[in-house]
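**Student:** Based on these hints, arrange chain U on the given structure of chain V.
In case you want the letters, here they are:
There are 2 protein chains.
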Amino acid sequence: MRADFLLRNAGELLTLACGPVPRTGAAMRDLGSVPGGAVAAHHGSIVAVGRERDVVATVELDDDATVVDAKGVLVTPGLIDSHTHAVFARTREREFAMRVEGRSYEEIAESGGGIRSSVRAFREASEDELLEVGRSTLTRMLSYGTTTAEIKSGYGLSTESELKALRVIGKLGEEHAVRVVPTFLGAHEFPDEWRDNRDGYVDHIIEEMIPAVSAAGLARFCDVFCEKGVFSVEQSRRVLEAARAAGMEPKLHADELHPFGAAELAGELRARSADHLVCVSDDGVRALAAAGVTAVLLPGTTLSLGKSAYAPARKLIEEGVPVALATDCNPGSSMTESMQIIMSLASMALRMTPAEALAAATVNAAWACGTEDVVGMLEVGKAADLVVWEVDDHRAIPYHYGVNLVRKVVAGGVVVRDRDETLVV
Amino acid sequence: MRADFLLRNAGELLTLACGPVPRTGAAMRDLGSVPGGAVAAHHGSIVAVGRERDVVATVELDDDATVVDAKGVLVTPGLIDSHTHAVFARTREREFAMRVEGRSYEEIAESGGGIRSSVRAFREASEDELLEVGRSTLTRMLSYGTTTAEIKSGYGLSTESELKALRVIGKLGEEHAVRVVPTFLGAHEFPDEWRDNRDGYVDHIIEEMIPAVSAAGLARFCDVFCEKGVFSVEQSRRVLEAARAAGMEPKLHADELHPFGAAELAGELRARSADHLVCVSDDGVRALAAAGVTAVLLPGTTLSLGKSAYAPARKLIEEGVPVALATDCNPGSSMTESMQIIMSLASMALRMTPAEALAAATVNAAWACGTEDVVGMLEVGKAADLVVWEVDDHRAIPYHYGVNLVRKVVAGGVVVRDRDETLVV
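Going line by line, the protein sequences match chains V and U. Note that the first sequence covers residues 1 to 425 in the numbering used here. Note that the second sequence covers residues 1 to 425 in the numbering used here.
Treat the hints loosely; a few may be bogus.
[What the hints assert, rightly or not] With a cut-off of at most 30 Å between alpha-carbon atoms, the simulated DSS-like pairs for lysine-lysine come out as follows:
| hint | chain 1 | residue 1 | chain 2 | residue 2 |
| --- | --- | --- | --- | --- |
| 1 | U | Lys228 | U | Lys171 |
| 2 | U | Lys307 | V | Lys315 |
| 3 | V | Lys228 | V | Lys171 |
| 4 | U | Lys228 | U | Lys307 |
| 5 | U | Lys71 | V | Lys307 |
| 6 | U | Lys171 | V | Lys307 |
These aren't lab readings, by the way, just hints derived from the structure by calculation. Treat the numbers as computed from the prediction; the structure is a model and nothing was measured.
Next comes chain V alone, as it looks inside the complex (with noise of 0.2 Å):
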């Protein structure tokens, strides 16, 4: 078997590669631990993994092949981001010292805050000014080690806006090293135009918005933000089902500030996933799990929005249901592009273990955005996305917090960032 990549030398290879996906209950403690771990590739696909010498027994490397040497140190596979909103006009760090001020959303809104103001700026915007922001984001994502990304539209909410976002998010999936899922989600919020007629937009996104992104094959799912106040049950319902009709699989934003059914309809649609369900209702819980709907949970967005009472994880996890983090990254509730500042807050504040921490980071964050053919585990025809740690113990990603531990990451087999600061002292 050639190859033409391999990572030798991991004191620690955790390969995640150990068990039905999406994996549930204690399955989210196994890692698939291989000590003194070994990564083969060729083409960008790993042709080998397991123990050093049994890889290099597998192989014939070519002689101009990517060898890199981890040191002794932890390799898991690259992390995976699947819930993000990465491509917008500009940041709202005005807004986050009003609202930390105390200021209501109603004053936020009036002085020009608010989702609206980052609809406004992103219909301006020229798609060359959304693909720069967006490159910048991913970049940043690499190197903290993502290397697959699910990112929403849902700042235009005007057929030609949304088609804009979902074209930016499909040229940076072509030119970018991170892997970038695409995701329609015109059912955001309601546009001014449509705010008295919010049926009105619930017909438009059904009859011109799906058809138009459909045939554009712009978008892997659907997505909508089922709240009080934004969509209804029923509104998500009629959206989620002609997209699936459409050839798009649903996603829902649940029950994050009330419990509103938004997991039950998750559950009664078998969609991919239901994200937040920081308010979700024990039979929401209950309906998550018997559907096997993946729970994206998102931590990030519950600090940096003020609240104290985050998602229950352990609730969700206790009953079966498979559990997946993400940075929610956006510039109006969680500006972060990094995963591990989300793995801490998942054993911080959600109770996650470090192991189920790094599941949901990995292979159920690979299921959650529907890249689990590809991505998520280490294992024989998977994508060579490898993340090389400053650190040997994957403890140590959510205990060490708010800094870096990323050495080196490694996309299809090349390495796409290599931690070597000028360091004058």
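**Tutor:** Leaving out everything else, chain U in the frame of chain V:
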């Protein structure tokens, strides 16, 4: 006026040099903003600061001067970490995972964890081993923008090992670009050999350790862990009065876990700072305000320990207590070197505005560790310790969380950190 260093083209220069030190109440929001600012220095000290045209007109730049173009972004004083335990023998991620799993403090201690495990490892470690860990910790601090750090002893808990700690701390201060303030914390915990004779250990600190530390001139401050189950108010008073008599200024770990009267003692002793204060009583807050004791808040510790009740920052500020921030960098309860994540937590969890958080991480932190004559503000005569950020608005520092927004770090007029990661893509 000659200059061998010039930083020019700051979009906004925040000098923090705009009022009495430490900063209290509404004055914590004054950042001394200079649009289009510049800073000139000679032999490490600022010789001119203000609008670029004025600075340039004032100084005569050496031919081989270092000139840094800030390219229109935000420039602030170097960050100051006023409470750390950054010299330790090893990390404790295993124990972190046990705590997440709900194991009790007793179970963790029985399995070889807890502060006693740090003490055992510390006593066994050589000065060279400790120096290596300390260097790596300080170097990471520097890359996240910290140019001054207080470091406590307190993992030795014997005269010999406490002196070893303070020698290592002193050596780090001599050799590293981060300025180091040494604090003696022999009263961090009761070591095993004194566990049945606690007053005897207090006598030992007073009669043997303090004289030895004082004779060697190794500590600027003396700190005590004044807390239920650790050092009583009376024991703390005895230690701190003896330390003051020997030339060390008092600091306290105060009311972290219970309202214990430690803040009241800090007020009585006119300590330099009272730190933690999660459970401080109303009387304690008034005592701090009346005596002008600085409250050093450590929100990373609260998060890292999985707790949801944070120190009452708003009440402290409203009552006129000067507030500083710090990482509490230590292997047991707060493993981070980044003051940026602490500033994020200050805004998100303590409800401090971004401006208050910046003042608390610069000018007030300088005061909290007794370095206000040298650092914390950008004015003539102070050290040229600067951070050049990636952002142009200070509100972005807490807002854009979990990542490193530092572009360049200048310590004493020397560029000691210049982020220039190898970007393959």
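**Student:** What are the numbers of the hints that this structure violates, sorted from low to high?
**Tutor:** Those not satisfied are hints 1, 3, 5, 6.
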